[in-house]
Amino acid sequence: MSRKGQTEIFGLVIIVILLAIGLLFAVVILTKTPTREVARVKESVQAANFLNTMMSTTSYNCGKRNVRELLQNCALASEDWSGAAVCEDGTTNTCELTDEMMKKMLDQTLKKWGKSYKFFINGTGAVEKIHAESGPCTGEREASTRPEKIRTGLDISLTLQLCQ
Amino acid sequence: MKMFETVAVLIIFFFLLAIGSVFYFNAQKSSIQKDKVKASEQYAFQIVLKALYMPELDCSFLVTQKDNCIDTIKLKEFARLLANESIRNDYFTEFGYASIKVNSVFPSNSTSVKLYENIPPNYVDKLVTNSPILLYNAWDDIYLFGTMEVAVYVT
Numbered sequence: 208m209s210r211k212g213q214t215e216i217f218g219l220v221i222i223v224i225l226l227a228i229g230l231l232f233a234v235v236i237l238t239k240t241p242t243r244e245v246a247r248v249k250e251s252v253q254a255a256n257f258l259n260t261m262m263s264t265t266s267y268n269c270g271k272r273n274v275r276e277l278l279q280n281c282a283l284a285s286e287d288w289s290g291a292a293v294c295e296d297g298t299t300n301t302c303e304l305t306d307e308m309m310k311k312m313l314d315q316t317l318k319k320w321g322k323s324y325k326f327f328i329n330g331t332g333a334v335e336k337i338h339a340e341s342g343p344c345t346g347e348r349e350a351s352t353r354p355e356k357i358r359t360g361l362d363i364s365l366t367l368q369l370c371q
Numbered sequence: 026m027k028m029f030e031t032v033a034v035l036i037i038f039f040f041l042l043a044i045g046s047v048f049y050f051n052a053q054k055s056s057i058q059k060d061k062v063k064a065s066e067q068y069a070f071q072i073v074l075k076a077l078y079m080p081e082l083d084c085s086f087l088v089t090q091k092d093n094c095i096d097t098i099k100l101k102e103f104a105r106l107l108a109n110e111s112i113r114n115d116y117f118t119e120f121g122y123a124s125i126k127v128n129s130v131f132p133s134n135s136t137s138v139k140l141y142e143n144i145p146p147n148y149v150d151k152l153v154t155n156s157p158i159l160l161y162n163a164w165d166d167i168y169l170f171g172t173m174e175v176a177v178y179v180t
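Order-wise, the sequence lines are chains P and Y. Just so it is clear: in the first sequence, position 40 is 247 by the working numbering, and no numbers are missing. Just so it is clear: in the second sequence, position 38 is 63 by the working numbering, and no numbers are missing.
Hints are computed from structural coordinates only; laboratory data are not their basis. Note that CB positions come from ideal geometry on N, CA and C, so glycine has one too. It cannot be assumed that every hint is accurate.
Covered stretches of chain P, going by a simulated chain Y footprint (3 or more residues, C-beta under 8 Å) [what the hints assert, rightly or not]: (1) 219-227; (2) 249-255; (3) 258-264; (4) 267-279; (5) 303-313.
Capping the alpha-carbon separation at 16 Å, the derived lysine to aspartate or glutamate pairs in EDC-like fashion look like this [what the hints assert, rightly or not]: (6) K59/Y x E244/P; (7) K325/P x E340/P; (8) K151/Y x E174/Y; (9) K139/Y x E110/Y; (10) K61/Y x E244/P; (11) K99/Y x D166/Y; (12) K75/Y x D115/Y; (13) K271/P x D165/Y; (14) K63/Y x D150/Y; (15) K336/P x E303/P; (16) K271/P x D166/Y; (17) K27/Y x E215/P; (18) K322/P x E347/P; (19) K322/P x E349/P; (20) K319/P x E174/Y; (21) K101/Y x E81/Y; (22) K271/P x E295/P; (23) K63/Y x E244/P; (24) K311/P x E244/P; (25) K91/Y x D166/Y; (26) K356/P x D287/P; (27) K211/P x E30/Y; (28) K336/P x E295/P; (29) K61/Y x D150/Y.
Here's a subset of chain Y near chain P, in silico, CB distances under 8 Å, partners left out [to be verified]: (30) V34; (31) F70; (32) Q90; (33) N147; (34) D150; (35) T154.
Let the sequences and hints guide you as you build the complete structure.
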């Protein structure tokens, strides 16, 4: 009788161990979150390429100045953009043109591709007025920040965040 | 009676083992599929990077390359060359089954150049990546804002 009881307990222990292993395995598999490594690297490269490309793009009616040069001028203007150099058309100043160009480029690319983004510049009051965003941007995001020298001791930084 | 108990225990044991095996092999299958998707994404990204940094198209000045830039004169000539099937086949080892298109976006979306196209007869997935790129117009000495669209076909 005692021997039979021992065998039954042994069998039950094996079943419990098997169930526990199965449960552990299921928990490990089910809680494993999918990795987004490639997508994250891709978004990071995309954000960096966007800023790099945008800064070197030539403006269309401001003496062939590129966006970097327009920003360098705009950054020294006052917060209401007065004091910024006026372009050849006589109506648009460098801050207005930079803002217009950046928004157009963002609209034609990231917005068109259905990506949520947040773009902003830090450094001076005039450039901080230039910002753009599209779609919700609350969760995880990939960002690229690019510092730009305006003059000795004065730097601004451009940040583009690509949101999920 | 004892024999019956032994058989019952064995049946339960093998039943649990079978359920465990089914679950395990399903999980393995799903894991292999995830790895396959990840490998395809990595391959597609490699193609994108190769296309973005093609020495055939770079903007170089006094032996200095400008980052993330394509010379539009070189682009048009290279696209013309790649329209020839034998030359395109030379680039198959680099780009495989893919299509690469360059579009100008700012100030106007006037230019669209199909650089490379090799579409397989059957494919299971198409991974498209867009990346901003600078387009240098040497005639007017200006830089345009463009995009490179790389579609990689997974067979």
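Okay, the hints, checked on the actual structure:
1. 219-227: With 4 residues in contact (Cβ-Cβ under 8 Å with chain Y), the coverage given for the segment 219-227 of chain P holds.
2. 249-255: holds (count 3)
3. 258-264: holds (count 5)
4. 267-279: holds (count 3)
5. 303-313: Holds, because 3 residues of the segment 303-313 of chain P bring their Cβ atoms closer than 8 Å to Cβ atoms of chain Y.
6. K59/Y x E244/P: 13 Å, holds
7. K325/P x E340/P: Roughly 4 Å separates the two Cα atoms, so the pair holds.
8. K151/Y x E174/Y: Holds, at roughly 12 Å.
9. K139/Y x E110/Y: Holds. K139/Y to E110/Y sits at ~14 Å (cutoff 16 Å).
10. K61/Y x E244/P: 14 Å, holds
11. K99/Y x D166/Y: 14 Å, holds
12. K75/Y x D115/Y: The hint holds at about 15 Å.
13. K271/P x D165/Y: Answer holds: K271/P to D165/Y is near 10 Å, not above 16 Å.
14. K63/Y x D150/Y: At roughly 13 Å apart (the allowed maximum being 16 Å), D150/Y and K63/Y satisfy the hint.
15. K336/P x E303/P: 10 Å, holds
16. K271/P x D166/Y: 9 Å, holds
17. K27/Y x E215/P: Given pair K27/Y, E215/P holds - Cα atoms ~11 Å apart, limit 16 Å.
18. K322/P x E347/P: 13 Å, holds
19. K322/P x E349/P: 12 Å, holds
20. K319/P x E174/Y: 13 Å, holds
21. K101/Y x E81/Y: 11 Å, holds
22. K271/P x E295/P: 10 Å, holds
23. K63/Y x E244/P: Cα-Cα ~9 Å, so holds.
24. K311/P x E244/P: Given pair K311/P, E244/P is violated - Cα atoms ~30 Å apart, limit 16 Å.
25. K91/Y x D166/Y: Satisfied, since the Cα-Cα distance of roughly 14 Å is no more than 16 Å.
26. K356/P x D287/P: 21 Å, violated
27. K211/P x E30/Y: 11 Å, holds
28. K336/P x E295/P: Not satisfied, since the Cα-Cα distance of roughly 23 Å exceeds 16 Å.
29. K61/Y x D150/Y: 12 Å, holds
30. V34: Holds, about 5 Å.
31. F70: 6 Å, holds
32. Q90: 13 Å, violated
33. N147: 24 Å, violated
34. D150: 14 Å, violated
35. T154: 6 Å, holds
Hints 24, 26, 28, 32, 33, 34 from the list above are not met by this structure, while the remaining hints are.
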